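Going by this note's numbering, the first residue of the sequence shown is number 6, and it counts up by one from there.
Simulated from the structure, these hints should not be mistaken for lab results.
Certain hints may be false.
[To be verified] Between beta-carbon pairs, the in silico distance windows are:
id, residue 1, residue 2, range
1, Gly577, Thr361, 51 to 61 angstroms
2, Glu452, Gln258, 50 to 60 angstroms
3, Thr189, Asn350, 36 to 46 angstroms
4, Lys608, Pro185, 56 to 66 angstroms
5, Pro574, Pro154, 31 to 41 angstroms
6, Pro257, Lys405, 23 to 33 angstroms
7, Gly577, Leu613, 48 to 58 angstroms
8, Val584, Lys405, 42 to 52 angstroms
9, Ile76, Asn350, 52 to 62 angstroms
[To be verified] Each computed BS3-like pair below joins lysine-lysine, with the alpha-carbon atoms no more than 25 angstroms apart:
id, residue 1, residue 2
10, Lys161, Lys443
11, Lys608, Lys443
12, Lys377, Lys405
13, Lys405, Lys252
14, Lys263, Lys252
Nothing here was measured: the structure is a model prediction, and the numbers come from that model.
Heads up, the beta-carbon is just placed ideally off N, CA and C, and yes, glycines get one too.
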Amino acid sequence: GKGWRGRVHAQDRTPVHSKAPQSTGERPKWDNKIQYLLTCIGFAVGLGNVWRFPYLCQIYGGGAFLIPYLIALVFEGLPLLYLELAIGQRLRMGSIGVWNSISPYLGGVGMASMVVSFLVGMFYNTILAWVLWYFFHSFQNPLPWRSCPVFNLTGKSVEECELSSPVNYFWYRETLNITPNIETSGSLQWWLVICLATAWCIVYVCFIRGIETIGKAAYITATFPYLVLTIFLVRALTLPGAMTGLKYLFTPQWEILKNPRVWLDAATQIFFSLSLAFGGLIAFSIKNKLDQDAIIVGCINSATSIYASIPIFAILGFKANSNYEDCLNNNILSLTNAFNMGDQNITIENYETWLTYLNTSDPTKVANLHLKVCDLQTFLDQSASGTGLAFIVFTEAVIKMPGSQVWSVLFFIMLFTLGLSSMFGNLEGVLTPLLDLKLVPTCIPKEIFTGFMCLVYFIFSFIFALGSGNYWLEIFNSYVGSVPLLVIAFFEITAVSYVYGINRYVFSDDIEWMTGRRPNIFWQANWRVISPLMLLVVLLAYVVIQAMQELTYSVSAPQVDFPMYEVLPYPGWVCAICVLLSTVPCILIPLVALYRFVHFLKKRVERLRAPSFYENEGYVSDM
6 GKGWRGRVHA
16 QDRTPVHSKA
26 PQSTGERPKW
36 DNKIQYLLTC
46 IGFAVGLGNV
56 WRFPYLCQIY
66 GGGAFLIPYL
76 IALVFEGLPL
86 LYLELAIGQR
96 LRMGSIGVWN
106 SISPYLGGVG
116 MASMVVSFLV
126 GMFYNTILAW
136 VLWYFFHSFQ
146 NPLPWRSCPV
156 FNLTGKSVEE
166 CELSSPVNYF
176 WYRETLNITP
186 NIETSGSLQW
196 WLVICLATAW
206 CIVYVCFIRG
216 IETIGKAAYI
226 TATFPYLVLT
236 IFLVRALTLP
246 GAMTGLKYLF
256 TPQWEILKNP
266 RVWLDAATQI
276 FFSLSLAFGG
286 LIAFSIKNKL
296 DQDAIIVGCI
306 NSATSIYASI
316 PIFAILGFKA
326 NSNYEDCLNN
336 NILSLTNAFN
346 MGDQNITIEN
356 YETWLTYLNT
366 SDPTKVANLH
376 LKVCDLQTFL
386 DQSASGTGLA
396 FIVFTEAVIK
406 MPGSQVWSVL
416 FFIMLFTLGL
426 SSMFGNLEGV
436 LTPLLDLKLV
446 PTCIPKEIFT
456 GFMCLVYFIF
466 SFIFALGSGN
476 YWLEIFNSYV
486 GSVPLLVIAF
496 FEITAVSYVY
506 GINRYVFSDD
516 IEWMTGRRPN
526 IFWQANWRVI
536 SPLMLLVVLL
546 AYVVIQAMQE
556 LTYSVSAPQV
566 DFPMYEVLPY
576 PGWVCAICVL
586 LSTVPCILIP
596 LVALYRFVHF
606 LKKRVERLRA
616 PSFYENEGYV
626 SDM
C-alpha cells in the first residue's frame, strides 16, 4: 500500500499523503527574490555572528578554529540549510505541516520547532531591550559608562564603581541591577520593562502584516549591519594596536585542535548560526518561488562571521594596547613620585630598563609600591562571550575612541538590526505552525493575533527584567538552544532521507523540478550518511560532557574586575528547570508519535469490528 510516505503524481509531481494535512490554500508571496534572500540572510545572520564567533576564535587558537568551523559548515550546516529551504518550498507548509505531511508520526518535530522558537523569542528580545537602553544613553556627552557616578553632597565617587570600573558598574548596576545569585530574584527593573515594551512594539510594527512588512523591513535590517561593520572596519584599522588584535585573531595555535571541545563548539556554532531547526526558514521558504538558495545564505552567513571578527579584533587590540599603556603609565607615575625622579624621563620604551635598575638599587622600596604587572598578552586574553563582549569589552573600547558617542550609536543600531531580523524568523516559526494547525480563528484578523502574540511574549519576558534576569537569560540561551535543536535537526534529516523517499529519488526529483538540476553526489552523501552521523556524534558528545560536569553559573558581581567572576553550582530546583528546557521540546516528538500510533490502533480495532463498513466506503488499507 501507499502508506504515509511521500508519493508524486506523474502528471503534476504533487506529493500525495493518504492521511496528511494539505497546504492551506494560496499563501502570500515575496515581492521579489531579493526580499526573500535578505530575509533569510537576516534570520541566519544574528548577534551570534558578531559576539560568539569572535569569542570562539579567541579562545580556540585564532585561525586554527576556522578549520573545524569550515568542516562543520560544509558537511553539516549547508546540507541542513539546503534541506529545510527545499522541503519548505516543495510542500508549501509550515514546520508542523511539513513533517505531518511526510508522516503523521513526525508531527512532533514541527511542534518541537515551534516550542523552541517561542522560548528563544522570549529571551532574544530582552537582548534587544538592553541594546535599546545603551542606545538611548549613547547620546549623552560624556557617555555614562566613561566615569563613575558621584554623590551630590560629598562629591565622592560611588565606592562600588571605584572597586570595579565605570563600564562594569553601568552594566551590572545601572542596567541589570543584578542580584548576588539566581536564588535572589530581585524586583522588576522599570527601565528594562519600558525598553522591553519598546522593543516588542518595534517588532510588532515590522511584523504586523507578515511578509508584506517583513520583506520591506529586511532592506534595512539585513543590509545596515554590513554598512556599520564596514565603517567600523575602516576606523578600527587606523587605531593604534589594531594590528596586534588582528595578529592575535589570525595566528593559529594548532595544538588547540587536539581538544575535542573545539570541534564540538565549531559544530554547534555553525548549526545555531544558520538558525536551523527553528522552523523559521521553512516558514519563509514556502512563500518563495521554487528555487534553492542554501549556498548563498550559508556562505554569506559564515563570511559575515569572519568579516565581523576583523573590526572587532582590531578594536579589541586597540583596547588591549590602551590598557597596557595605561598600566605602564600608572607604574611610571608611581616610580617617578617615589624616587623623586622629576628630572628623569621614564617612558614606556625604557620602562623595563629603569625598573630593572631600580629593583637592583632599592628592591624594598619598589616592592612597597605594589606595581601592577603589565602584560599585553594578558589584556588580549581577557575574552568575553555574548553580553560581556557587547556591553563590557566593546563599550570600554568605544570610550577610548575619538567621537565615542558616534561609534556607540552606530554599534548599538547595528546590534539592534541584527537582532530584529532574527526575531522575524522566530515569530514566523511560531505563527505559521499555528495557522497550519488552524488554532487561529478565521474571524480574528492576522494583525490582531500578531499583536496578541507579542503581548504574550512581552508578559512572559518579565522574568528577564528581574534583578536575576541575566542568570535566567543565560539558562534559556544555554539549554533551549542546544539539545533540542540538535534532536530536531537529526529527525529532520533522517525523515527526509529515509521516510520521504530520498532512496527512491523522490526528493531529488522534487529538487530537479524546482531548480532544474538534480542534487549531486555531495548532497546525497551528506543527507544520507555524513550529516546524520555528525549530528548524532555532536549530540552524544554534548550530552556526555554535560552529564560529567556539575551545572554551574558565573556570578559576575560589579565589585569584581572583569573578567574575574565566581562560579556557583545551580540549586536543585534550577537544575530541574534546565533539564526541562532541554527535554520538553524533545519529548514532544515521541509523544506525538505515540498519540498517532494509539489513534491508528484505535482505528484498526474499529475496522476489525466493522469490516463491511470500510469495504462499502472503498477504504484501502495502509498496511
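Right, here's what the structure says about each hint:
One distance hint, 51 to 61 angstroms for the beta-carbon pair glycine 577 and threonine 361, holds here, with the actual separation near 55 angstroms. Hint check: glutamate 452 to glutamine 258, Cβ distance near 53 angstroms, so the stated range 50 to 60 angstroms holds. A hinted range of 36 to 46 angstroms is violated for the C-beta pair threonine 189 and asparagine 350, which are about 53 angstroms apart. For the pair lysine 608 and proline 185, the beta carbons lie near 58 angstroms from each other, so the given range of 56 to 66 angstroms is met.
Take proline 574 and proline 154: their Cβ atoms lie about 34 angstroms apart, and the range 31 to 41 angstroms holds. Judged by the Cβ atoms, the range 23 to 33 angstroms given for proline 257 and lysine 405 holds: they are separated by roughly 29 angstroms. With their beta carbons about 49 angstroms apart, glycine 577 and leucine 613 fall inside the hinted range of 48 to 58 angstroms. Range check, valine 584 to lysine 405: Cβ separation about 43 angstroms, and the 42 to 52 angstroms hint holds.
Distance hint check: the CB atoms of isoleucine 76 and asparagine 350 are about 54 angstroms apart, consistent with the given range 52 to 62 angstroms. Straight-line distance between C-alpha atoms of lysine 161 and lysine 443 comes to about 62 angstroms, which puts the hinted pair past the 25 angstroms bound. For the hint pairing lysine 608 with lysine 443, the CA-to-CA distance comes to about 23 angstroms; that is within 25 angstroms, so the pair holds. Note on lysine 377 and lysine 405: the hinted pairing holds, with a Cα-Cα distance of about 21 angstroms set against a maximum of 25 angstroms.
Restraint check for lysine 405 and lysine 252: satisfied, since their Cα atoms lie roughly 21 angstroms apart, inside the 25 angstroms limit. Taking the CA atoms of lysine 263 and lysine 252, the gap is near 22 angstroms; set against the 25 angstroms cutoff, the hint holds.
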